[in-house]
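Sequence order for the protein chains is D and A. If you're matching positions, the first sequence starts at 460 in our numbering and goes up one per residue. If you're matching positions, the second sequence starts at 325 in our numbering and goes up one per residue.
It cannot be assumed that every hint is accurate.
Derived contacts from chain D toward chain A, CB cut-off under 8 Å, selection only [what the hints assert, rightly or not]: (1) Ile558; (2) Leu570; (3) Ile571.
Computed beta-carbon distance windows for the label pairs [claimed, not checked]: (4) A/Gly360 with D/Ile571: 38 to 46 Å; (5) A/Arg505 with D/Glu467: 19 to 27 Å; (6) A/Leu342 with D/Arg653: 47 to 55 Å; (7) D/Ile632 with A/Gln589: 42 to 50 Å.
Hints are computed from structural coordinates only; laboratory data are not their basis. Heads up, the beta-carbon is just placed ideally off N, CA and C, and yes, glycines get one too.
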Amino acid sequence: MDPASIAEFIAVALRVSTPLILAGLGVLISTRAGVLNIGIEGMMLAGAFAGVVASAFTGSAPIGLLAAILTGAALGCLLAIMVHVAKADLILSGIAINIAAAAGTTLLLFLITGSKGVSSSLQSQVLPSIDIPVVEAVPLLGTAISGHHVLTYVALLGAPLLAVFLTRTPLGIRLRAVGEKPEAAAAAGINVKRYQFWALAASGAFGGLAGAFLSMGYVSWFAQNMTAGRGFIALAAEVMGNGSALGTMASAILLGTAETISITMQGGGIPSELVQTIPYVVPILALLLHATRRRRLLKRSAA
Amino acid sequence: MSRKALAPAIVTVAILALVVAVVMLPLALTTSDPAGVLQTFLFGPFRNLRYLGNIVEMATPTMLCGLAVAVMFRSGMFNLGVEGAFYLGGLATVAATLLLPMPWWAAAPVSLLIGSMVGSTVCILPGVMRAQFDTSELVTSLMLNFVALFVGLFILNYFLRDPTAGAMASYKIPVEAQLPRILPGTRIHLGTVLALLACIAGAIYLFRTRSGFDARLVGSNSAFAAHLGLPIRLVMMRSAAIGGLIAAAAGGIEMLGLYTRFSWQTLPGTGWVGVTVAILARDNPILIVPSALFFAYLQVGGDLVGRNFDVPIEGVGLINALVLLIATAAAIIRNPKLLQLVSGDNSATMSKNLPKAEAH
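From just these sequences and the hints, can you work out the full model?
Right, dumping it as structure tokens:
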């Protein structure tokens, strides 16, 4: 590979990784508060849909983005209410949100456009890309990291910000206390349910952001089940990230790079069906590696 | 039975009716003939023998998938590989009928056996990885579903595809491998009998055998099970294997019972319906039968509405999701006040003694 195509590859990998980073951070917030948000996949899908519809009807991309974030957050709140008020099972409620989002978006798409497949008849807007001053002029580096979608930069900046929030602010530390030892947190006067409620809302908001990137940047339309398991890959990224925001981002970029390789390999002689398994096989292998390493560490500390 | 004992069932049925109404009423109102939509949805499936048969046909795979889910959830495993196992089981069964030379009488049983074993890997791998490396079976099984889909599409495209079929579809399944129809006027096939027998066997396994008891103990209190010295890893892997085999067999039975070619281009979603079926049945193999029939009834009603009116059948998916959401909601489904209201028993403090919601 020559330098120019490497720069191009990095640019594509960042683009492919963006939804995984955003969703991964969303999963991270939820797990740190002790309430794994497996509904992130459905929240992404609903966010992607809301972004397209709201931006098409208002003609404004920012309003579309806002709608995507609020839709994701609302589903996060719904999950929290189901778990805390209705005493439903967390994982099953998350699965239910995924099923509801898949069915609900298809249903609404049909009611709005008359089509069940894609939203191409809607005049939806896309969010802008940003050229970084000075850097954009640098050859290669400019190609690789400048001119990306605004949400790509939100994702890249969001990870360190979330890391600071979780480790350096009282609010973030209390949130982690809720996740690690809810009884102790409650004894210290922390309202566990309230923290978990807001954590799930924030988690859903990140899912909505990831969805908005998919339908208002990655492509410029909504398609049935367009998230294609990215929310689940984000779950894997969070596990691989060992509970840290920067680790989650790094894992998400790793998995995004695997997906990028699979995209560039298509049409390269290997059956495309097998190439398409790469984004799903890599997380499994990574989790295995992660688990064996963790086990070795445990053994060493025990010895 | 006294009203008191029936109260939970009545509350459940009332909530199901409410969920159906909440989804279907607004949908019906978007059309020019709301009454017609509702009437078709609710009573259409009972109109003739063929539609009744459709209910039973559709309940067959979800019954088996629900059983697979119940066996795994009961042992405390959140293994969601049922969807992929169902898909791959169907594909591998068809592949076996097409690629292996077999005497006519062996075609169906041997293919189903091979298909079940191949498809079950989607559940077994996450189970083994959980037992051996403590990786989250939830995440790995969700990933493996997609791997199963793409590997399946690869096999379909490169080894089974009939170039004369037009769309992407396999060669025709040999007639001798197809399961016999058992009720004239419907498409109900031998697979339905197998599914019913499997549910009975599942109940016996879970509630009347040593290993079933072990599985439930590991599922309800793994620390206690470990304290008793139960082989927890073995129990987990066994449950994953049983669940995977059942789900994959469901895919094979569906193919040999109702299809002439394999042509699934995406995951069919049957495994997810199975999750809902199992949860509504509280992971009880016997209750899975009526639970699967209920969802099949909704599906047939939805199909009829979709065919005759301008209403997409995805409304049924929404009902499934809401039922799943509410079925585990202890505060709703086991609300002491609600139960008291239904049973008309005001003096009782029984509500306090009710068992807590089954933990999953």
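Hints and how they fare:
1. The restraint placing D/Ile558 at the interface with chain A holds, with a minimum CB-CB distance near 4 Å, inside the 8 Å limit.
2. For D/Leu570, the interface hint holds, the least distance from its beta-carbon to any beta-carbon of chain A being 6 Å, beneath 8 Å.
3. Among the interface hints, the one on D/Ile571 is violated; its C-beta lies about 11 Å from the nearest C-beta in chain A, farther than the 8 Å criterion.
4. Here the CB-CB span from A/Gly360 to D/Ile571 is close to 23 Å, at odds with the stated 38 to 46 Å.
5. Judged by the Cβ atoms, the range 19 to 27 Å given for A/Arg505 and D/Glu467 is violated: they are separated by roughly 58 Å.
6. One distance hint, 47 to 55 Å for the beta-carbon pair A/Leu342 and D/Arg653, is violated here, with the actual separation near 29 Å.
7. The hinted window of 42 to 50 Å between D/Ile632 and A/Gln589 holds, with their beta carbons roughly 49 Å apart.
Figure legend: structure checked against the earlier numbered hints; hints not met, in rising order: 3, 4, 5 and 6.
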